[in-house]
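J.: Protein sequence lines, in the order shown, are assigned to chains G and W. Under my numbering, the residues of the first sequence are numbered 1 to 429, in order. Under my numbering, the residues of the second sequence are numbered 1 to 108, in order.
Bear in mind the hints are in silico, worked out from the structure with no lab data behind them. Where hints are given, some of them may not hold.
To be verified - Pair ranges (Cβ atoms, derived):
| hint | chain 1 | residue 1 | chain 2 | residue 2 | range |
| --- | --- | --- | --- | --- | --- |
| 1 | G | Ser-150 | W | Ala-99 | 29 to 37 Å |
| 2 | G | Lys-413 | W | Gln-57 | 37 to 45 Å |
| 3 | G | Pro-169 | W | Glu-36 | 50 to 58 Å |
| 4 | G | Asp-263 | W | Ala-6 | 35 to 43 Å |
| 5 | G | His-119 | W | Asp-62 | 49 to 57 Å |
| 6 | G | Gly-94 | W | Arg-88 | 23 to 31 Å |
Note that beta-carbon positions come from the ideal geometry of N, C-alpha and C, so glycine has one too.
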Amino acid sequence: MPHFTKPREGSWTEHYGLGTGPISYEDSISPEHYELERDAIFRRTWLNVGRVEQLPKKGSFFTRELDAARTSVVVVRGTDDEVRAFYNICRHRGNKLVWNDFPGEETSGVCRQFACKYHGWRYDLEGACTFVQQEDEFFDLDKADYGLVSLRTDVWEGFIFVNLDADAPQLHEYMGELGAGLAGYPFHKMTQVHRYRSEVRSNWKLYIDAFTEFYHAPVLHAKQAVAEESRKLQNVGYEALAYKVDGPHGMVSSWGGMSPPKDLNMVKPIERILHSGLFGPWDAPDIGLDELPPGLNPARHPAWGLDSFLFFPNFMVLIWRTNWVLTYHYWPTSYNTHVFEGTCYFVPPKNARARLAQEMAVVTFKEYGLQDSNTLEATQTMLESRVVTEFPLNDQEILLRLLHKTAHEYVDKHLRKTRGTPVRVSAAS
Amino acid sequence: MATLPADFADLEPFSAWAIPTERARYAKRLASTMDELQAFYDAAFPRMEAATSYLEQHGVNDLREDGRRLLWLYCSLVTVSFPVEVWRQPRVPDSGSCALDAVVEPAI
Chain G
1 MPHFTKPREG SWTEHYGLGT GPISYEDSIS PEHYELERDA IFRRTWLNVG RVEQLPKKGS
61 FFTRELDAAR TSVVVVRGTD DEVRAFYNIC RHRGNKLVWN DFPGEETSGV CRQFACKYHG
121 WRYDLEGACT FVQQEDEFFD LDKADYGLVS LRTDVWEGFI FVNLDADAPQ LHEYMGELGA
181 GLAGYPFHKM TQVHRYRSEV RSNWKLYIDA FTEFYHAPVL HAKQAVAEES RKLQNVGYEA
241 LAYKVDGPHG MVSSWGGMSP PKDLNMVKPI ERILHSGLFG PWDAPDIGLD ELPPGLNPAR
301 HPAWGLDSFL FFPNFMVLIW RTNWVLTYHY WPTSYNTHVF EGTCYFVPPK NARARLAQEM
361 AVVTFKEYGL QDSNTLEATQ TMLESRVVTE FPLNDQEILL RLLHKTAHEY VDKHLRKTRG
421 TPVRVSAAS
Chain W
1 MATLPADFAD LEPFSAWAIP TERARYAKRL ASTMDELQAF YDAAFPRMEA ATSYLEQHGV
61 NDLREDGRRL LWLYCSLVTV SFPVEVWRQP RVPDSGSCAL DAVVEPAI
């Protein structure tokens, strides 16, 4: 018997028509399929590259290496305060325009213009070419024809997105119902940022799989709870309060009894004193919300603890009852490697004790993340053995079906456009 | 020379744990034995109520140098609490060659 109400069809998976059969993971172990995903997904969808707070003033910029999309971009706030993104390439002979020491590493800062290291061509913050070294030596060169190449840039709730596809729908349309349901959440107040980065030896989708289901939590993370509580959690298992699917995006709404726990003996000694843990500092700061936006806690369940949103392809937002936010980004670097970024956002701590409570939440996230990432390498290597090729997924793993199905649909659509007939590497049925 | 607020003089033997960044705190945890981690925990944990009461009186940016070092030291206790309270070893079990490195954190 479910503890929380399921849809009339009897399961979330059937409710959203995602099929109930076993799925193939060929899409996560095939180098050829990954090459298709780069063009079909990462060069076609809105990618979150940062937040507006990273560009506090005119001339603030950062670069982003988008290996999966086969490019690098520089994102900058112009003298007119507009946020723009340009391909990170000099119009003269193709040198990467903005980088330090290592061309493959990201950088950030504040500048009045961009100057190429190679021959000194310069561009203003709006991308116009303003200076060509020995301009007279060129043949009929008009600087107006040699501005930086821009790409589509838009902002959703303070998150900056770029899209390499000129024909893609508008960002607000793309974010759909789930994006609209978060409108007005005060992300901008959470300026206390801790970011972690990991090079993970697995396909990018495997880490999303791990973070869009909590079925694993009572087992993989068993030791992070005190022994008695851990046994209880394993017996009960995991059930979400609700799932939502809208187009390529999905969300899972979860209970969260640990902030604060019903009984202090449920948590570790240091948490009892610091009043903080995985679910964040228990003493939730005031963020000026009289009511949750409609997209949060869709079941309006009193035991609500957090909602996790997956915005396809690689951006996750977790919003916690205790008024803090966690984002995940997964940046593929090959079919079986990717860079993971986990970022915690809090409101500035009201005192040094609150800072320590935030540290507790952040470090707990890291301990969990370390448990998760090594499991991924173990999964990747065995999937690649192809000893087993089909895997059953339960109803609490619905968002995995959604992710693999959506990724396939993008690849199929791309193949229809470029080759006429889709050749499926595998099927998420 | 005292490096922590006078009320926490008993923690001076562990002042090497007053480390400003999470990455360095984690590195020291991995470079320590369980006996060393346990000794630090056993000294600092019983003083935690007092330390958090002290920290509660100050904004992060208003802390004097000794207060900042106390906050750093207790950030280290957070890092060390996992091996002592949970793992019984410095590394997260089964974390092998994995690393999850802080690349941005608010300065204290």
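J.: Now, for every hint given, state plainly whether the structure supports it.
T.: Status of the hints after comparison with the structure:
Separated by about 36 Å at the C-beta atoms, Ser-150(G) and Ala-99(W) satisfy the suggested range of 29 to 37 Å. In this structure the hint that Lys-413(G) and Gln-57(W) lie 37 to 45 Å apart at CB is violated, the actual value being about 60 Å. Remark: the range hint 50 to 58 Å for Pro-169(G) to Glu-36(W) is upheld by a beta-carbon distance near 57 Å. At about 37 Å, the beta-carbon gap between Asp-263(G) and Ala-6(W) stays in the expected band of 35 to 43 Å.
Range check, His-119(G) to Asp-62(W): Cβ separation about 50 Å, and the 49 to 57 Å hint holds. Roughly 55 Å separates the CB atoms of Gly-94(G) and Arg-88(W), a value that falls outside the hinted 23 to 31 Å.
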